[in-house]
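Read off the chains here:
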Amino acid sequence: MLRRRSLIELLDEMQKRIEDSFEEFFEMFRERPSWDISRGCFEPLTDVIETQNEVIVTADLPNVAKENIKIHSTEDTLEIEATMRRGIRFERWGTIQREVEFCAFHKSMKLPAKVEPEKAKAKFKMGILEIHIPKQVKRISVKIE
Amino acid sequence: MSEEISFVEEEIIKKDTPAIILGLPDVGLVGIISAEHLVHALKMNKIGYIESDLFPPVTILHKGEIHSPFRIYGNGGFLLITSEIPIPPDILHQFARTVVKWAKSKNARMILALGGTPVPNREDIENPKVYATGSDERAMGIIKESAIEKIEEGVIVGAYATIMWECKKERIPAIFLMAQAFHGYPDPGAAASAVTAASKILDLKVDVKELLEKADEIRLKMRDLMKQTDKTMRTIGKAREYEIPPMYG
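Protein chains in written order, with the numbering used here: chain S, 1 to 145; chain Z, 1 to 249.
Bear in mind the hints are in silico, worked out from the structure with no lab data behind them.
Hints may be right or wrong, so weigh each one.
Unchecked claim - Heads up, simulated EDC-like pairs for lysine to aspartate or glutamate below, C-alpha to C-alpha not over 20 Å straight-line:
id	chain 1	residue 1	chain 2	residue 2
1	Z	K46	Z	E84
2	Z	K214	S	D47
3	S	K123	Z	E123
4	S	K107	Z	D230
5	Z	K214	Z	E51
6	Z	K104	Z	E153
7	S	K123	Z	D124
8	Z	K221	S	E101
9	S	K125	Z	E217
10	Z	K14	Z	E4
11	Z	K214	S	E91
12	Z	K227	Z	E213
13	Z	K63	S	E99
14	S	K135	S	E118
15	Z	K106	Z	E10
16	Z	K214	Z	E123
17	S	K66	Z	D124
18	Z	K231	S	E43
19	Z	K106	Z	E9
20	S	K107	Z	D224
21	Z	K231	S	D47
22	Z	K63	S	E91
23	S	K138	S	E50
24	S	K114	S	E99
25	Z	K168	Z	E153
If we strip away everything but chain Z, and leave its shape as in the complex, we get (with noise of 0.2 Å):
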């Protein structure tokens, strides 16, 4: 068995210092609703794959054809990489390690993850509020810039903490939106909010009126990938993000 996580790229991707938007499943999903509502939007195409014999025996049957659920999308000067299954929670190092040295390879000029914060309290929350945090100091101007409040203290688990802090190492400016969400429900709202705080960032006009008005739909159509993806927050211990850490000093 190899123990190889590769790209495979079905077109050859030329963009020049490219944002790389990340969109796999988490909190509330809101990575993964996020990320298809920006692909529909940004009228971005399947450029790629990710595969590796490590990853559960899974593949996408869409319109007929088979596809990777692993995916890579691209338009312009964004990439995006998304994934119907949860990351195998034995491989989120090696899986972070590979995305930023792809990204390294595409001379990216920064990664977005897109995500969700739980909160206990979410359907007080009409509209929920999307909080970043950035790897150096170019992601944190980014995010002063944008006006989008920074977490200070908190806790990360899970693919997106591997990710920031392998960025941090390979001096990748990364920021990661959290938006206020259900920890294990899917929240269109919650991504909604990501996504506008994630046009901000990113210099975009993307309408979110869509992806609220098919909030119902899309929690019916969610509901079996939250399943599997919060049997798999469970294992990593993601209720961790509910802590406050004990740093002091």
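Isolated chain S (complex conformation) (with noise of 0.2 Å):
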């Protein structure tokens, strides 16, 4: 049989959702952009994977050669930098509502696991960057008494 549910519960499921809906609101303000105008710069759209071997990371890279492409990795950071075939310009951009070319593409970012970077391997294929780092294990047999 359903329970009515009391007026409390009703006012704290209320305040609940009233509370989600701002913390939603506000992370959208809590974020920065993902373009820096100075530099003509988009921070590119990234995804880490974790195995249990190696991260891999791949970034979207449109307009970019392979060759214009820098990698830059220590053991725990990652940093992507890449120039544009063709600068791409905007009449209006965003808030900012003036002329803005962008020619670039710049991300830094956290591992999230300690990597070996000199064994790192990538390839650049569709505008897909895709770097497979391999992790640094410490194997330890484990004797059984």
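Hints are included, so try docking the two chains, each in its own frame, into the full complex.
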């Protein structure tokens, strides 16, 4: 049988819903823009997957040629820089409402695990960069007593 | 706060048995990229919008004018619904029921949902394949006539999943076209395949050359929407689409 909810429960539910909506709304504004007009730079869309042995990072780099991509990695960070084939001009860009031209991508990120950057491998196809970096793995054999 | 979702028609929609095309933010933004291309190619006019207090407080400014992110377009025997923001996960069922109820009120002959299906090796695929699923026998018949490969087993998650289910219940033939696409990156190539398949179903001639030529620009413009859509897709467990369904028999 369905139980009729009390007024307090309904008010609690309503309050939670309002709080959630506000949190979502302000979360939007806490984010920084994915572009930097002073450098004419976009932050590329990226995805990071951690498997047992490696960290795989992909990045969407349209309008870029392979030779114009630079990747730098330390044991726990990765930086991707790329210059576009031709600048992309927008007449009135977003909140700043003036003409801007973007000609590069830049993204720095913290990796989810310590890696061996010197063993990293990358490929670039259809504007998608895929980097495989082996994780620092310490394997210790455990003796059975 | 009103919990209603309403269709507001700015022009009287008199179409007889229209086909309703849906282009919503989803995998690779295939739906919205395809919808935008179809609006231009079929010279569709904005004829209405969808509003609700349950939608995020977002308004789109275009050429100095204020627009709803949930818009309805029309021309000839076609209506098209598109959205420039992801549909909040907690209202997906209600949204689907409202869309299908509205389609029924328009005596729609068919609902055609345009979207993507994520493939892990998308960068190795030159021409993305399009698969389809239908809500009933009539829809399945159209898929067969159009020589589009039917998807036999799989999982659909999100707005299209709920819309397809509502169409099945309400006996409206609905077809969901799924082009092989990048999961979290805007995919105009997949959209071109989806538009080509949609043209077969709707018996239209739509050139996708411009869509392919402008692919890089579209990918750049759609980055922020893709980011927001990706967040929503994670919330609703979109990655389940990679799964094999456990049904047997």
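Hints, one by one, checked against the model:
no. : hint              : verdict
1   : K46(Z) - E84(Z)   : holds, 14 Å
2   : K214(Z) - D47(S)  : violated, 24 Å
3   : K123(S) - E123(Z) : holds, 11 Å
4   : K107(S) - D230(Z) : holds, 18 Å
5   : K214(Z) - E51(Z)  : violated, 31 Å
6   : K104(Z) - E153(Z) : violated, 28 Å
7   : K123(S) - D124(Z) : holds, 12 Å
8   : K221(Z) - E101(S) : holds, 13 Å
9   : K125(S) - E217(Z) : holds, 17 Å
10  : K14(Z) - E4(Z)    : violated, 24 Å
11  : K214(Z) - E91(S)  : holds, 17 Å
12  : K227(Z) - E213(Z) : violated, 23 Å
13  : K63(Z) - E99(S)   : holds, 15 Å
14  : K135(S) - E118(S) : holds, 11 Å
15  : K106(Z) - E10(Z)  : holds, 15 Å
16  : K214(Z) - E123(Z) : holds, 18 Å
17  : K66(S) - D124(Z)  : holds, 16 Å
18  : K231(Z) - E43(S)  : holds, 17 Å
19  : K106(Z) - E9(Z)   : holds, 12 Å
20  : K107(S) - D224(Z) : holds, 15 Å
21  : K231(Z) - D47(S)  : holds, 12 Å
22  : K63(Z) - E91(S)   : holds, 12 Å
23  : K138(S) - E50(S)  : holds, 16 Å
24  : K114(S) - E99(S)  : violated, 41 Å
25  : K168(Z) - E153(Z) : holds, 17 Å
Violated hints for the displayed structure, listed by number in ascending order: 2, 5, 6, 10, 12, 24.
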